[in-house]
Structure formats: structure tokens, C-alpha cells
Amino acid sequence: MAYLTNLYDSSRCTACRGCQVACKNWNQLPAVIEPFRGNYQTHEDTNADTFTIVKMIETEDPVDGVIWNFLKYQCMHCFDPACLKVCPRDAYTKTSWGATVHDPDKCIGCQYCTYACPFEIPKYRKREDITTKCTLCADRVEEGLQPACAATCAPGALMFGNRNELLQYAEDRVKHLRANGFPRATIYGKMELGGLNKLYVLTDTPDKFGLPVDPKVPGQIPFWKDWVQPYIGWLIPLALAGSATSFVTTRILANKHGKHDEGGHE
Amino acid sequence: MKVTRRQFLKVTGATAASFAVINLGFDTQATAASIKELRIKNVTPVPTVCPYCASGCGLVVYAERQEGKETQLLSVQGDPDNPINEGCACPKGAAMFNLREIYDPHTGEQVINPKREKKPLYRAPYSTKWEEKDWEWMLQTIAERVKETRDNSFIHSENGMIVNRTEKIASIGGSGLDNEECYLLAKLMRSLGVVYLETQARI
Amino acid sequence: MSPAFGRGAMTNHMIDLKNTNVALIMGSNIAENHPIGMKWLTEGRLDPKRQTKIIHVDPRFTRTSAVSDLYCPMRSGTDIAFLGGMINYILENDLYHKEYVLNYTNISYIIKDEYGFEDGLFSGYDESKRTYDFGSWGYQYDADGKIMTDETLQHPRCVYQLLKKHFSRYDVDTVCRITGSPKNKYLQVLDIFCSTGEPNKTGTICYAMGITQHTVGSQNVKAFTIVQLLLGNMGRPGGGINALRGENNVQGATDMALLFHIIPGYISSPTNTEDNKDLISFIRKITPGAAKLPFNNLNEFREIVKQGIPYSGWKVHSSKWVVSLLKAWYGEAANASNDFAYHYLPKRDASKNYSHIALFEAMYRGEIEGLFVNGTNPVVGGPNANKEQEALTKLKWMVNIDLWRTETADFWTYPGWDRAVDNPNVNTYAPTNIGTEVFFLPAAAVYEKEGTAAQTGRWVQFRWKGADPVGESKADLWIYDELGKRLKQLYAGSNRPEDEPILNMTWEYEGHAGEEEPDILKVAHELCGFHIADGTPVEGFAQLKDDGSTACGNWIYCGGTTLKDGKFIYKPQLREKDDPSGLGLFPNWGWAWPVNRRVIYNRCSVQPDGVTPWPGDEDRRLVWWDAEAGGWTGWDVPDFIKSVGPDNPAFKDPFIMRPEGKACIFAADGSLIDGPLPEHYEPWESPVPPVLNKQSLNPVAKVWEPDKKGTSDKYPIIATTYRVCEHWQSGSLTRNLPWLAELMPDMLIELSEELAKEKGIKNGREVIISTTRGDIKAIACVTKRFKPFVLGDDIVHQIGLLWQFGFKGYAKGDIANRLTPHIGDANTMCPEYKAWLCDIRRA
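Chains as they are written, first to last, in my numbering: chain G, 1 to 266; chain L, 1001 to 1203; chain F, 2001 to 2843.
Hint data in this document are derived by calculation from the structure and do not stem from the laboratory. Keep in mind it's a predicted model, so treat the numbers as computed, not measured. Treat the hints loosely; a few may be bogus.
Capping the alpha-carbon separation at 27 Å, the derived lysine-lysine pairs in DSSO-like fashion look like this [said to hold, decoys possible]:
#: 1; chain 1: F; residue 1: K2394; chain 2: L; residue 2: K1147
#: 2; chain 1: F; residue 1: K2652; chain 2: L; residue 2: K1118
#: 3; chain 1: L; residue 1: K1119; chain 2: F; residue 2: K2396
#: 4; chain 1: L; residue 1: K1118; chain 2: F; residue 2: K2396
#: 5; chain 1: L; residue 1: K1129; chain 2: G; residue 2: K106
#: 6; chain 1: F; residue 1: K2488; chain 2: L; residue 2: K1119
#: 7; chain 1: F; residue 1: K2757; chain 2: G; residue 2: K55
#: 8; chain 1: F; residue 1: K2485; chain 2: L; residue 2: K1118
#: 9; chain 1: L; residue 1: K1119; chain 2: F; residue 2: K2812
#: 10; chain 1: L; residue 1: K1147; chain 2: F; residue 2: K2098
#: 11; chain 1: F; residue 1: K2049; chain 2: L; residue 2: K1133
#: 12; chain 1: F; residue 1: K2352; chain 2: L; residue 2: K1133
#: 13; chain 1: F; residue 1: K2642; chain 2: F; residue 2: K2709
#: 14; chain 1: L; residue 1: K1129; chain 2: F; residue 2: K2812
#: 15; chain 1: F; residue 1: K2812; chain 2: G; residue 2: K208
#: 16; chain 1: G; residue 1: K208; chain 2: F; residue 2: K2784
#: 17; chain 1: L; residue 1: K1147; chain 2: F; residue 2: K2784
#: 18; chain 1: L; residue 1: K1041; chain 2: F; residue 2: K2577
#: 19; chain 1: G; residue 1: K216; chain 2: G; residue 2: K190
#: 20; chain 1: F; residue 1: K2784; chain 2: G; residue 2: K55
#: 21; chain 1: F; residue 1: K2652; chain 2: F; residue 2: K2112
#: 22; chain 1: G; residue 1: K94; chain 2: L; residue 2: K1036
#: 23; chain 1: F; residue 1: K2812; chain 2: G; residue 2: K55
#: 24; chain 1: G; residue 1: K55; chain 2: F; residue 2: K2292
#: 25; chain 1: F; residue 1: K2394; chain 2: L; residue 2: K1119
#: 26; chain 1: F; residue 1: K2694; chain 2: L; residue 2: K1129
#: 27; chain 1: F; residue 1: K2757; chain 2: L; residue 2: K1133
#: 28; chain 1: F; residue 1: K2396; chain 2: G; residue 2: K175
#: 29; chain 1: L; residue 1: K1133; chain 2: G; residue 2: K94
#: 30; chain 1: F; residue 1: K2522; chain 2: F; residue 2: K2545
#: 31; chain 1: F; residue 1: K2165; chain 2: F; residue 2: K2183
#: 32; chain 1: G; residue 1: K55; chain 2: G; residue 2: K126
Chain G stretches covered by chain L per the calculated footprint, using a threshold of three residues with CB under 8 Å from any CB of chain L [claimed, not checked]:
#: 33; region: 9 to 19
#: 34; region: 30 to 38
#: 35; region: 62 to 74
#: 36; region: 96 to 105
#: 37; region: 108 to 117
#: 38; region: 196 to 202
Backbone N, C-alpha and C fix where the C-beta goes; we use that ideal spot for every residue, glycine too.
All chains, full assembly: derive it from the sequences and hints.
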């Protein structure tokens, strides 16, 4: 079966963040109010109650002047999801049309998925001791509706449909952009990690949008998988006993990102 | 579980219209039992228009409305039938649910927005607090204040001409009201003789 | 816009943006404040037939700039210089749409010999009163009373020649020295936008408060009208001047005349002067061309109207609108024997101004006792908010109707009136010394009640009720209905003549049995009008009468109701999605005033012959003359008198609301009190001396507080206020919403990296902003999107502040309007929020 995908066209996005709110509205997520740090973006990353954010990155070019790049950021619904592979409880499944969905009832909050994810997308929600992430609005899609983010997008920067058809749009659009002032315009998500079920049309190289140019599953994953699976029996009670593993992995993650600089634009 | 394409939710209200759906071209098939059931399935959406900027985007309200029970919202989202926005909504429009209800940040539970006022409130001169009052008392007292101020300040005639005005009562605002409300407000204020009558159009 | 076209409303509509070749976004941040506009502009962009180009002109680089094809910076308050240069460029390079301009505007009209302009002053200026006598700004008439014209445009007193001379001073270098725009960017703007003067192209202008909130706000708009008329862009799909309204029903509230200077239907409100003393005098006053005609009563007047009044336009019917309004309001108490109760209407003092600033100045002086605050928040949104908040302390009582306790409802609680800095200019109060009695009435939210709203393009749409009101909150309609009923009860039995308006006011809106809410359709019935004899709806304003046989609360809403198979239909409820033209008109979706016209002045979408589309523009014809049927027809409802055909001299007069029938490039006869043509003046507070003329400030702008003027030695930085996508107006309807508070949680000041460096300010840290009116704190957003302006040898900095924060809600912050001045546009009194002076420092 062909995959159904969201395509995000950065040349059309106005960063209104309607998608961010529509996501909260549909997925019944509370607000996470953090202080203003000097960038409209407010959240530096997604969190357990914020499945999608819009990154806003300022740069300056001697010829073009100020450039303000926007990027909708969320789960990439990888063809070959690392989260699914490492999950000790098989909480993750891949639908026939390409969404990577997570079952909160099975989740024990161990956060291996977070560590395994090349985009660090699954986030830990303390009040329920689970991880959460974008569902590609599977409940809507399976009833014939678009995901909430795509349905709400005013300038049509987000489109939802057949991945092959959207790829065709992306190829045409990139060609047009390259000929019209964006020589480095590119597609993202077509080949990365063997294919993402999220496509991007970018007006510049991925690094200008805060995306990893060559995303990789962390090297330890095979080790983790081999190590974890045999001991799954004792790991689970441990997790339930007090989220000890959460504590450990949270620490690991914190170390992994010991790079939070103060305010500022990225 | 085999899920087939749905015959879609009908917008009713005073009109008949269809709920826009994407044409997937084939049946979706759920492989994960964890996918929640669509919570607005078989719920009649009620069309409204966004209260923020004046673009006039349509939104639809999905709610559980049962006799004798407080309404609980299911979702408020763009109206796909409205030709102005075709289902789109900016962050303000997409946040319309919050005008009435919110998800508690600590428990995740759906509750009435605690900032909404539920009762008329009165603040006496020089008082340091608000007091809850009933509508009857409030409206009657306001009407009496209006009459008192009007009667004390009314200019019936000036230089032999009937001018019927009071300059001691003013009314501001109204751009957030419906047309019918604005109309009644204008009619009532003009008939009282109010000339300090302004709306946000000026500012 | 009214002085140019006859109406002030947005000319096209939101969806029409997809039909344009070039969109000039100026004084608007459409992507943030009218996001759906970007849907339609994007559609135009992707349409190979249109390939829409988007130009953004703004003091700062916003999310609109980020997606525009061209961004050109411009210093706040220099719009007329910018547009004057464009007018000059069009005339110098002969880029105007000749056929259009000659036929549809007053460009060939001859102006009086006494008219003149010198040193920044038009003829007739009285310095002591700061007003103009506009006697010299009129047309020359021939012996038959006809306006003299010269179609060759050679006559030295014709509008074309005067225009050319006036704007010849606005050369590109002078303009850029004033506006601070980079010359190469400015030239690109001129080149791209002026290309729409070609007959096969249309260009649209979208503006908002960035244009109107200046001491020259009306003239800024006037400059747009000149550009768009010269380029032939009015009345055509993808053209027009689109005033993007900021509040969901600000158009409707204006239509219903919640403004001191009008009564419903854009009729001047009566004053206490001799020429308003009775109904017939009032009709003489408001009917163009009637001033000197011989009539003493309505019968005589009707005879004259039947014969036609030259240069009157559609407003020749004003008497019908006024009498029908009085019948709607006062029913049987309004009849032919008592001037239809015209004396009931309040007559304002002609020598006084009652607009927002004046209202708060009067309140501050203790002249106002009681105030109704209907879903507005002046403590955050009003200019000079410290003063406006203090004014509220002088009230005896205040009624506040809102969803939540706003900063205005809670003005008396603001603890100690703390300031960021001790400022001797600002008084402080405690609740125990504030005597204002406050009544707070909780209102239902938009989807907890029903009613209609007129969106920015005049489309009136119905909103159904989707949920019950929270707690005991009530729809405003119920509140006003109850107040009306109670006041009628309180006055019952009075036989004082001054109480008659209340006693005789029609007020029968009872809902169906068992329902507490008034019946909204009863209000709609009265608003849109009915025949008194049988109560059937008046189907259009042509049916209104001035003999008391029709009642109509607002003539422009006539036709909003009808009977279909005996059933009452309120057309804003229509939801049919047909769009046969493909131009996005959707004639059966809701209803648009007037009479469902979607694009006003649409007669201009065809050539003067009434049939032929503009060359190369076949698919953008809206209406046309159907010779066979002997009437106007088309995709849209013709904005024209249906039967006026080629044999009628008015056939080429598309602007039916103007007495001339033509659009006015030159605003004759003082329709704008500060000049017949726009002229650049500096804002009240400006860091630079005037370049083009000897006047700094608009010579007619009223100065309320001369002592509060900040000068550039102490306050060298230009400041402007604005909104962001995530908050709306004063923020009361968004800062109380957690999802929006999350997106924009704190009050911020945006400044350039250069200024931040100069002042030692770090991104994300607190800054103090000072003016003569007060001081506030805000968090710095140091950004590449702000740049200093180079003005000749001077470099000036500009900062930006959100005016959407206050001390209530989930997102809180200092109130920017504590800094803004009490000064407004000479014509509208719209406050100058957009350009004033301040200084900043690290907190």
C-alpha cells in the first residue's frame, strides 16, 4: 500500500503556528507555558504536551539581506523506525499507510525510544509515566480526515496525501524554487534514514533549518537491543517500581545535549 | 480490523452542507488497535465564525450537548465548507476551544477555562473586593444609575432647538459584538441621548 | 476612502486576493494579523495565469516580509512620502491607465483659480484656529452649473496638472532621504507595482492600522486611492484597496453607527445647529446638491428628487433612509405630523469632538459620570493608557461586559499603580481612594450565542450556537434587551417630553414561548427593513420610502432578509457554495452589503462602453451592460443603477455614492479637512526636521497635550506598536487562552543588533522604555529583522513594542500604551500609535 504523508513546503510557511495549536486542540494537550527567551519560537524543542513546533531561525545574507527560515518539526514517521525496534513493550506499531503510532497503555516510560530516535522525538510525560509523540492524527486519517495540522494550514504549506504524488509536487517545486532565487532548495525526507514518511521542501540546505543533514540512529542501538531484550523480564518491574530507568535515560539524554546556550537565535 | 471510508458527518444547523474529506483513493486499514476512535464521529458540527480578526473564517463546534448537563466541547476547528478559509485556522482560530474549556496542565483533564467569569460581579465605591450579585439586582441597579445620571444631566433644548442629549453617559466598544447586538446598543444609547458613543473602529 | 470613492469599506474581499497580479502590503502584517489572506495570495502565486508578486513595505521585517517576493523597509510615519514618490513615478513615466482615469475619475476636472499650495500649506489656512477654509478647493462650474473639464488634460487648473505639480517634489532621492528606504529596493517596488497600470493587469493594496494610526492617517489612505485610480485598479477583481479590519465585527459595529459622528447607514449624526433644527433642514444638509434648492417640506422635496438633483449621486435618497430609520426606532410615535420624531434623536454639540481621545479627555476632566464598556479594554488598548486608566477613577459608575475581568474591569485593583520606574508625571492610586462603582456582567463567548458578523469584505455571516454559556454568563443581546425593558419600566408614566424617546422606542424582541433569549430574527427583521402595512421584508433599498410606509434600522442592510415560499429568510444564514465566475464571489454564501455586492465599484471592471473587458483581461469582468435585456447584469450584483444604459450621461459614472459619479483624485470641497491632496508631514514626535516643506506636524491635527510632547534630544528613538499572530488586540481574548499564552508568553520589545550593542542590551533580558507619558519594562528580542534607518547624514533607530499585554491573564506584561500619545488623525482622530519617540535602557 502506498504511504500517506505530510509534506511541508518551507517556501509557503508563514510560521503562524496554527498547526501547533491545531495539534494541541485535536490531541487534547495542555499548554506548556515557558518564559520568553528572545525568540518567537518559545519552545526550543517538542515536549510531552507539544507534539509539533515551528522552528524560527534568522540568518543574514550580504545579497539577500535578512532571511527568516521556518520549519515545522515533529515525528518523522521513519520508514524504519528505531523507536519501534528498541521498545521493550512493543508499544510502537507502523500502520499500513505509514504512521508510526504509539500505544500509551503499553508504554512504561522507559524512554529507550527517545534515546534511539535520530530526532529525539518521543518525550517523557511525568504525570502518566509514558512517552508521547505525534500520531500523524491516525484517528482522523483512518476516518478520511486530514491530520489536524495539515487541515488548518492557511497558506497550504502543509499538504497531506499520497507520498508518491507529494514527491512529484516536491520535485517540481524545488525545480521552480531553484530557478527563482533559491539555488540551494532541496527535498528532505525522500532518502534520509532510508526514507521518512514526512516530506520537506526546503528553500536552503537542511542545516539552515535546524535539521540534521545526515540523520543517524545512535550507534549504541544494536547493543541496546541485544542487551535489553533478554532482560526484559526484570526491566519492566524496575521501570514500574519508580521510573528508575527514566531517571537514568533522562540523565543520559541531558548529557547528550549539554549545549543549551542562553537565549539567542539559532 | 478493517476500517472502511465513512459516509461523512453532515453539517446541519439551518443548512445542509457536506463535511470535506480528502480523497485517499483507497481504504485505509488500521493495523494498530491503539488508534483511538474519532471522537467527533456522528456528532453534528455547528458552524460559527471566528471572533478574532475580521477575515470571517468559519469554524465548527463539536460538542456533547445533553439536556440537563453542561455542554462539553469535543473540538472546535476550521469549517471546511466556508469558502473564505476552507477549513483552515490560524493559531487564534485553532485555539477557540480554549475560549470555553482548557486542558489542565497538571492533570491533563478537560475543565472550563478558570478565567471565565460565571456570575455578575459588583464592586462598591472605595471597596477593595468584588462581590457576587444576581442578575436581577445588577440590571435593576444599572438601569437606576443610568436614569439618575441621565435625568441629572439631560439637555432637552438649547437655543430654542430640541437637542435631547446627555454628555454624562458614554459607551465604548462593540466591535466584538454581533450586528444585532450592535444595533440594539446603538438604538438604546441614541434613544437615551448618548452622544459619547464610540467603538474600536476609531482606535 | 470615502472622499475618493463614496464609501469607506474594503472594496474587494478576502478570496479576491487570489485574482491579483501584484499585492502591495503596506501598513499591514497580513501573514500575522490576517493569516487567511496568505492562503489566497499563495493561491495566486501558484496560479500560472496570475503569478502573483507580493511586496511588503514596513518599518520592520515580519513574517509577511519573510514570504514576500520583495521587502522594502520604510521609517514609521513616512507613507505619504513613499506613495507620493510612486504617484510622481507614475506621472513622470506615463504609466497610468489612461482610458480608465479619464472616464472614471475627476482627473480632467477644473479646480478653482484660488486653490494653491505653498510651504506645506494649502490655500485657506487659519493658523490661529489650525483649520482650513476650503472654499478654494472646489471645482469650476460653467454657466449651466456643470463642472468644467478638459479631457486633453492640458488646462493648467485641471486635476492632472495640479497633481503633477504637487508631487513633482517627490523625486526618488528626496523620498528615500525621508523614508530611509534603500534606493534600489524602492525602485523595485515602483517598477513592480506600477506595472499594474497596464490594462491587462490588476494590483491590490492591503493595509491596516499601520496606515491609519497616524496624524495623517486619512491622507495616507487618500494617497492609496490616487495610486490605485491612476493604475486603474479599482472595481476590478484582484484590485482595490483592502482595508483589513482588525476586529471580527468592527465593520458591523461601524455599519450600526457605534460612532459619535454617524447614525446607522453612514449618515452624519445631527448637530445642535440651525441647519439641523428639523427634519427638512437635516435632509437638506445631508443630501448632496440640495443646499440651495427651493423646498420647504417633504412633498416639495420629493418633487425635486423626481426631476433629479445634479451632482447628488445615490445619496439623493437620504430622506428615505432617515425616515425609515425613525420609523424602525419609534414606530407609530414617528409620523408625518411630528417630523417622524426627528426631534427624538440626540443633537451633538457641533463645536465639540466626541471621539475616543476626546471622550477620555472629558472623562479625565470629570465630565462623564457613567460608562458602558462593551467588550473593549482601553486600559490596554487606549492611547496614553496611564491617563485613560486614571480617567476611569473619575467615573461615578462603570458597566463592563466581557468574558473575563479585563484590565479595564479590574482597573481599580492594579496594586498601587506600580510603575517600572518612579515617574513624577504619573499619579498613583489605591483601591480605597477610587470611588468608581463597577458592575461586571459576564458575557457568553462567540459560539455560546447566535448572531451575525460583517467580515472585512462586508460579507455578513451567521454564527450558530454550539454550546451553552459558561455559568450564568449571558449573550449581550439578552443584556441590552433586559436593560432596554427595565429603562422603559423606570420611565413608565412619565409625561416629560425628554423621556418620550425611551417610552416610544420600539422594543419588542420577545423570543418564542419558554425561551429567555430575545428572538434574533425579530431584530434582523427590523434592521433589514419591512413594509409597515403588512410586515413583509423590504427587498432592497430602492423600495424604501420617506412617507412613513417603510421601516428600516439600517438602509445598507436592506435586502438581507426576504420571504421564500412564505418563510422568512435571513440571508446571512445561506450556505450555498456555487461560484460560477471562478472569481471567488460565492454569491449565495452569506450575504454582503450593499445588496450582496461582493466587489464594490464593479462597473469599472469593463470599459466605458459597458460591455468590453479591459484589453487582455477577459476573465476578470464582473458586470456588463446587456443591451438585449436593457439592463446591467454579470457575475456580481452591479454597483450601478440597473437601468442606466448608454443613452444616459451617467452611464460612465461608476462611483454612484459620489456626487460627481466619478472617483476623486482631488478631494474637492473639504471632504478631507487637511487638504485635497496628501502631503507628507512628520509625526507629532519625530526625530528629524521636515524636508519637503516648512511644516513638521499636519497643520490641522489637534494637539491635546502640548506639554507631553517628547523631543529627540531626550527621546531619540522612534517607537511603534503592533500585534503578533498569536495575540489579538488588547490580548484579553488571547492572553486568557493557555494555548496562545504559550506561544507568546511575555511582553517584548524588538530592537536591532546595532541598537542593542549601543545600549548594552542582551537578548532575552529586561529593558526599560521611557517617554513623557510613562515608563514600562519589556523583554528584549534583539533581532536582525530591525535595522537602523539612514536618513541623509542621520542614522535613526526604531524599536517595536507589542501593545497586547497587561496585568491579567495567563500571559502578562507591561502595557505599551502607557507610552503612546494622545494625538490623532486630523480627520478621524484615530490615535498616532505607530510613530512616537522614546528612549531605552537596560533594566
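Right, here's what the structure says about each hint:
| no. | hint | in the structure |
| --- | --- | --- |
| 1 | F:K2394 - L:K1147 | 19 Å, holds |
| 2 | F:K2652 - L:K1118 | 58 Å, violated |
| 3 | L:K1119 - F:K2396 | 22 Å, holds |
| 4 | L:K1118 - F:K2396 | 25 Å, holds |
| 5 | L:K1129 - G:K106 | 50 Å, violated |
| 6 | F:K2488 - L:K1119 | 25 Å, holds |
| 7 | F:K2757 - G:K55 | 25 Å, holds |
| 8 | F:K2485 - L:K1118 | 23 Å, holds |
| 9 | L:K1119 - F:K2812 | 24 Å, holds |
| 10 | L:K1147 - F:K2098 | 60 Å, violated |
| 11 | F:K2049 - L:K1133 | 62 Å, violated |
| 12 | F:K2352 - L:K1133 | 38 Å, violated |
| 13 | F:K2642 - F:K2709 | 54 Å, violated |
| 14 | L:K1129 - F:K2812 | 21 Å, holds |
| 15 | F:K2812 - G:K208 | 33 Å, violated |
| 16 | G:K208 - F:K2784 | 16 Å, holds |
| 17 | L:K1147 - F:K2784 | 57 Å, violated |
| 18 | L:K1041 - F:K2577 | 24 Å, holds |
| 19 | G:K216 - G:K190 | 15 Å, holds |
| 20 | F:K2784 - G:K55 | 16 Å, holds |
| 21 | F:K2652 - F:K2112 | 24 Å, holds |
| 22 | G:K94 - L:K1036 | 15 Å, holds |
| 23 | F:K2812 - G:K55 | 24 Å, holds |
| 24 | G:K55 - F:K2292 | 66 Å, violated |
| 25 | F:K2394 - L:K1119 | 26 Å, holds |
| 26 | F:K2694 - L:K1129 | 55 Å, violated |
| 27 | F:K2757 - L:K1133 | 55 Å, violated |
| 28 | F:K2396 - G:K175 | 68 Å, violated |
| 29 | L:K1133 - G:K94 | 57 Å, violated |
| 30 | F:K2522 - F:K2545 | 21 Å, holds |
| 31 | F:K2165 - F:K2183 | 23 Å, holds |
| 32 | G:K55 - G:K126 | 25 Å, holds |
| 33 | 9 to 19 | holds (count 3) |
| 34 | 30 to 38 | holds (count 4) |
| 35 | 62 to 74 | violated (count 0) |
| 36 | 96 to 105 | holds (count 7) |
| 37 | 108 to 117 | violated (count 0) |
| 38 | 196 to 202 | violated (count 0) |
Taken one by one, the earlier hints fail for this structure at numbers 2, 5, 10, 11, 12, 13, 15, 17, 24, 26, 27, 28, 29, 35, 37, 38, listed in ascending order.
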